[in-house]
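**Q** Model the full assembly from the supplied sequences, consistent with the hints where possible.
Number of protein chains: 2
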Amino acid sequence: MTLRIAEIFGPTIQGEGALIGEPTVFVRAGGCDYRCAWCDSMHAVDSKYRHDWAAMDPAQVWDEVRELSGGQPLTVSISGGNPAIQDFAPLIALGKLEGYRFACETQGSVAKPWFGDLDTLVLSPKPPSSGEVTDWDAFDACLKAAGNAPQTVMKIVIFDDADYQWAKDAAARYPHLPLYLQPGNPEVDPDLPVDLQQTTDRLLWLIEKVTEDKWFAPRVLPQLHVLVWGNKRGV
Amino acid sequence: MTLRIAEIFGPTIQGEGALIGEPTVFVRAGGCDYRCAWCDSMHAVDSKYRHDWAAMDPAQVWDEVRELSGGQPLTVSISGGNPAIQDFAPLIALGKLEGYRFACETQGSVAKPWFGDLDTLVLSPKPPSSGEVTDWDAFDACLKAAGNAPQTVMKIVIFDDADYQWAKDAAARYPHLPLYLQPGNPEVDPDLPVDLQQTTDRLLWLIEKVTEDKWFAPRVLPQLHVLVWGNKRGV
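Residue numbers (my numbering), protein chains in the order written: chain A, 1 to 235; chain B, 1 to 235.
Just so you know, the hints here were simulated from the structure itself, not pulled from any lab data. Misleading hints may appear alongside valid ones.
Because identical chains share one entry, a pair is satisfied inside a single copy or across any pair of copies.
No farther apart than 30 Å at their CA atoms in a straight line, the calculated lysine-lysine pairs in the DSSO-like style are these [to be verified]:
1) Lys209 x Lys96
2) Lys168 x Lys48
3) Lys48 x Lys232
4) Lys144 x Lys168
5) Lys232 x Lys209
6) Lys144 x Lys48
7) Lys168 x Lys209
8) Lys96 x Lys168
9) Lys232 x Lys144
10) Lys214 x Lys96
11) Lys144 x Lys96
12) Lys48 x Lys209
13) Lys214 x Lys232
14) Lys96 x Lys48
15) Lys214 x Lys48
**A** Spelled out as structure tokens, the structure:
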């Protein structure tokens with residue numbers, strides 16, 4: 001069985017959401033069923049980049065993760081693209097044998113049995129600004145596939161007031177899922193610098209939205225990697 | 001019974017550590033048994049500011065927290081100064097009746113029975129750059145007072161290589177305590193702007209320390225409030 005892998009990098013820290021700050025090696029899968037308008041990882045999404053994706057079997061992926069981490073167990077984040085269109089069960093099994101932990105980030109459009117093998121499942125349904133429409137039945141199937149095994153959380157990117165209102169509705173659907181909001185990043189060109197002040201201003205905007213609204217359910221977090229490295233890849 | 005309160009503010013988000021991003025009202029206690037060289041809250045520490053601290057009974061403090069939060073339960077962070085030199089049990093009891101959650105941040109130099117009433121206890125022992133010396137017996141007494149009731153975590157501020165090595169030793173003492181590291185902030189004047197680039201550069205330095213060292217136990221996080229508001233108070 002072969003995996004399509006866009007990049008493997010780290011150790012670095014997780015920049016977003018429930019595991020923010022956690023030392024992590026990233027396995028970024030190639031291929032996605034979505035085409036979000038503001039996607040920051042199009043190199044792992046658009047099939048025009050498919051010749052840059054490596055065909056690797058799980059043991060090869062695992063060898064690279066082990067080498068990058070020096071054999072010291074840490075969290076491996078399976079991201080993409082949408083990693084749920086591939087079978088990561090064998091990779092997770094190899095890593096767990098050596099004490100590594102696994103997180104996966106997916107939009108929740110495709111459910112896989114291996115979600116139940118994860119330590120953390122981050123479901124990030126996409127708000128209206130993405131141009132995509134969430135299939136909540138598919139999302140529910142993801143929750144069911146995960147079961148009670150992993151810590152399952154919801155993360156929503158917010159670009160504007162419509163996204164914010166949509167996030168409130170999504171949260172009302174799943175009141176028991178821990179929720180993380182992050183301001184959208186409109187600057188996704190890896191070759192252009194990111195404006196730090198604008199990035200922190202967007203965080204301030206979102207903090208003020210939830211606090212003025214007295215909506216205290218979500219945590220509000222930035223993308224730390226954008227603050228530290230801009231849109232540079234592989235960090 | 002009267003509490004010495006330096007400030008009550010929010011709702012804003014928690015800027016640091018285990019609850020980073022969490023909507024929070026802060027109750028900052030006045031008075032401290034430490035005088036850290038780089039303290040960023042000296043207005044709640046040095047007794048020369050004591051005439052600015054309000055003498056309030058727990059019901060008055062609670063009324064203000066409830067008003068700021070519009071009666072919507074959220075996390076109340078009891079900080080300081082060192083809040084452990086006062087008795088916050090009555091305040092916590094009042095808030096829990098209405099569904100609020102309580103976190104406390106203290107250096108771990110004084111243990112109080114009310115630690116066991118908290119939802120989250122953040123123990124932040126101070127590294128050598130602070131000029132203070134940790135009494136580990138007192139720290140152990142804090143862990144004992146907390147028991148298994150709250151989520152108890154350790155947070156250490158890192159200014160330099162000596163602090164970093166000290167953090168590794170402290171972590172080795174308490175391998176089961178979740179650990180959060182944050183780069184120290186040498187710019188603490190509330191009237192001077194913070195240099196965003198320097199702030200994110202310090203985060204990068206600390207991320208590179210742990211990843212090059214392959215020390216994957218701690219999470220590495222910035223102070224979000226410094227990135228968003230600089231050293232402004234009351235946010």
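**Q** For the identical chains here, do Lys168 and Lys209 meet the 30 Å Cα criterion within one copy, between copies, both, or neither?
**A** within (12 Å within a copy, 39 Å between copies)
**Q** Reference check for the pair Lys144 and Lys168, CA-CA at most 30 Å: within, between, both, or neither?
**A** within (22 Å within a copy, 40 Å between copies)
**Q** Given identical chains, is Lys232 near Lys209, meaning Cα to Cα at most 30 Å, within a copy, between copies, both, or neither?
**A** Close inside one copy (29 Å) and across copies (20 Å); limit 30 Å.
**Q** Between Lys214 and Lys232, at a C-alpha cutoff of 30 Å, which is it: within one copy, between copies, both, or neither?
**A** Result: close only across copies, 22 Å inter versus 35 Å intra.
**Q** Reference check for the pair Lys214 and Lys48, CA-CA at most 30 Å: within, between, both, or neither?
**A** neither (44 Å within a copy, 36 Å between copies)
**Q** At 30 Å max between alpha carbons, let me know whether Lys209 reaches Lys96 within a copy, between copies, both or neither.
**A** between (40 Å within a copy, 26 Å between copies)
**Q** With identical chains, the pair Lys168 and Lys48 could be close in the same copy or across copies; at 30 Å between alpha carbons, which is it: within, between, both, or neither?
**A** For Lys168 and Lys48, the Cα distance exceeds 30 Å both inside one copy (35 Å) and across copies (46 Å).
**Q** For the identical chains here, do Lys214 and Lys96 meet the 30 Å Cα criterion within one copy, between copies, both, or neither?
**A** between (41 Å within a copy, 18 Å between copies)
**Q** I want to check one pair: Lys232 and Lys144. Are their C-alpha atoms no more than 30 Å apart within a copy, between two copies, both, or neither?
**A** Cα proximity of Lys232 and Lys144: none, with 35 Å in one copy and 45 Å across.
**Q** Is it within a copy, between copies, both, or neither that the alpha carbon of Lys96 lies no farther than 30 Å from that of Lys168?
**A** Between copies only: 25 Å across chains, 36 Å inside a chain, cut-off 30 Å.
**Q** Could you place Lys48 and Lys232 in one of the four classes (within, between, both, neither) given a Cα distance threshold of 30 Å?
**A** within (20 Å within a copy, 48 Å between copies)
**Q** At most 30 Å between C-alpha atoms: does Lys96 with Lys48 qualify within a copy, between copies, both, or neither?
**A** Neither. Shortest intra-copy (33 Å) and inter-copy (56 Å) distances fail the 30 Å Cα cut-off.
Going through the hint list in order, the structure does not satisfy hints 2, 6, 9, 12, 14 and 15.
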